[in-house]
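Asks: On the provided structure of chain W, position chain Z as indicated by the hints.
The residues making up each chain are set out below.
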Amino acid sequence: MDLLHDLFYGFSIAFQPVNLLTCFIGVFIGTLIGVLPGIGPVGAMSLLLPVTFGMSPVSGIIMLAGIFYGSMYGGSTTSILVNIPGEAASVVTCLDGYQMAQKGRAGPALGIAAFGSFIAGTLGIVGLMLVANPLAEFALKFGPPEYFSLMVLGLSILIYLTQGSLLRGFAMAALGVFLSLIGQDVNEGIPRFTFGFRGLIDGVGLVPLVMGLFGISEVLLNLERTAERIIVKTGVRHLLPTREDWKRSAKPIGRGTLIGFFLGILPGGGSIISTFISYAVEKRFSRHPEEFGKGAIVGVAGPESANNAASSSGFIPLFSLGIPSNVITALLLGALMIHGLRPGPLMITEHPEVFWGAVASMYLGNVMLLVLNLPLIGIWVKVLKVPYRTLFPLILLFCLIGSYSLGANVFDIYVMLFFGAVGYVLRKMSYEPAPLVMAFVLSPLMEQSLFQALLLSDGSPAVFVTRPISLSALLTALALVLSAVIPFLQKKRKGMVAEE
Amino acid sequence: METVQIPKREALFWMVLGAFICFLGWRIKIGNFHAPGPGFFALVAGLSLLLIGVLMLFSRTASRPQASPDSGTSSVTITEHVPVPRLLGTMALLAAYAVFLNSIGFILCTFLVMWGLFYDWGKNRLATAFLASVTTTVVTYTIFEVWLRSQLPRGMFPWW
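Taken in order, these protein sequences are the chains called W and Z.
Numbered according to numbering that gives the first Met the number 0, the first sequence spans residues 0 to 499.
Numbered according to numbering that gives the first Met the number 0, the second sequence spans residues 0 to 159.
With the rest of the complex left out, here is chain W:
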């Protein structure tokens, strides 16, 4: 009964006109950036982060969360119609979705992607609602050593699952830790590593850093390519899947939801990995595996359900432990902290309006997305035709204004441009920026937990290995680190990342 009471309370917040509007703006922008290749949810969320400063925390979080799960819906449209994934979690949808479109079945492919996303997204929110609260209550028993070790583990898993070299991933994380230390030290009040720049006394801003690494560098990389998009010319008709389509897709949607939900909780881009695993599972379960890659509707239904369920469950560690599971939730963590909230076990009880308001808004957002992605599909097809030479100046301008309006300070633009150039070089050299951002967000919390743990243990670092949860987390993290240097394990990981 408490759960229902809390949910109704959440709906009373989500139905407030301002929150309905921010939810709609969030899912609309999410779908838009999902449809448009060249800017992902991370870039879009960092662009809109300054806009949320004028809003209440709950409205801001509702909008940013809407961008996240909205992009999962939008990403499938480009995968099916253009064979270009709008964002990474829709890569698998290209395999069968585009083949279906070429056979004149773009409508059912888009339809099952939208319905599957809706069902999985909604069930994922039910799971979030059921799991987050008990987990938060359990997490109240955690002390600073457990938190520190869990953050180390979260970061290690993210790096482990990042494409490319593990050593490069760890280098990025260490760099992220250093960058987060720039600015005034909270304990002693002395400026650290500012190199005489007054603009750095408050530290490197999360928004200029993310906009530079993900927004500017992405544009620079895209300027190197002249991509000609060929949109399927068969037209989009009969969006409602047939009875046969439903019969074949029901179980893949269910399995995709379960896979996505559980993998989404784990750190390291659960929404992406879950789509690949869902596709592999469906192929294995299928009576006609030879149809995969040639337009099998189950190859769209499973992965699309998985990525949406994962995007819902990704909020569980954020809301209940205060530990983000991927870069997007790390950005949400940053947003919550900018709004003066401290995500963690106490957040649900201290700020129930934020948690329950966000949860209830996700139900509404999923309904909005269904409407946006089915009857209004024609609009998104037209958006797909916008050439990149028109799009990129607009992305850059929004980055410039977004950085400036953060603190009405030109220095933030310089910081963004600096990280744009750094991000471009790093990505050219096969360095993934995700571990850097994750470490940047987690590092202040890690430093605080480390110092508190050492204080509690009277300066004994043994405190991290004498407490079971902390020890298990550290041992798991160590195993992942060792896999970077042990050849046998290196091969295993390559196999996993290659599957991904």
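Because the hints were derived from the structure by calculation, they are not lab data.
You may find that some hints are simply not true.
With a straight-line cut-off of 20 Å between C-alpha atoms, the simulated SDA-like cross-links for lysine to any residue are [said to hold, decoys possible]: (1) K384/W to D119/Z; (2) K427/W to G163/W; (3) K7/Z to L425/W; (4) K427/W to P6/Z; (5) K7/Z to L54/Z; (6) K384/W to A249/W.
Replies: This is chain Z only, laid out in the frame that chain W set:
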């Protein structure tokens, strides 16, 4: 999966950077386990980078990144080269925006920079770029200054 060796200069770069961060941490006081100083965590980050650099130096292989998902798809024609003048030109325009924003104000600065960004060097259409730039400036001014009250700089035209 094909493998490539991490270049030695890359390993050396991280080692030097790690050592530099250790030095910076040591300079502002590292402290000890009983009372960690402001440089303590920086030392941890620096030592980690140093270790990563050493491991890179001795690591024979690193997995080559997979091709981007859109690069191998049949519906896309992608030609990839590094158009250095275009990249430098874009970065120069963005840097100019930061330099002149406060002095000449949001409207003029945005209009000029967007004109440059919209200008298509291949097709040489100044008028199209001009119109796109005017439209963008008006729309963003309306959104950010009028609706969101972002307090954009007015520069040399305080009445704007």
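Asks: Would the hint linking K384/W and D119/Z be met if the CA-CA limit is 20 Å?
Replies: At roughly 18 Å apart (the allowed maximum being 20 Å), D119/Z and K384/W satisfy the hint.
Asks: Next pair to validate is K427/W with G163/W; report whether the Cα-Cα distance is within 20 Å.
Replies: holds (12 Å)
Asks: Between the alpha carbons of K427/W and P6/Z, is the straight-line distance 20 Å or under?
Replies: holds (14 Å)
Asks: Take a quick look at whether K7/Z and L425/W sit within 20 Å of each other, Cα to Cα.
Replies: holds (16 Å)
Asks: Tell me if the straight-line CA distance from K384/W to A249/W falls inside 20 Å.
Replies: violated (33 Å)
Asks: Given the hinted pair K7/Z and L54/Z, is their alpha-carbon gap at most 20 Å?
Replies: holds (11 Å)
Figure legend: structure checked against the earlier numbered hints; the only hint not met is number 6.
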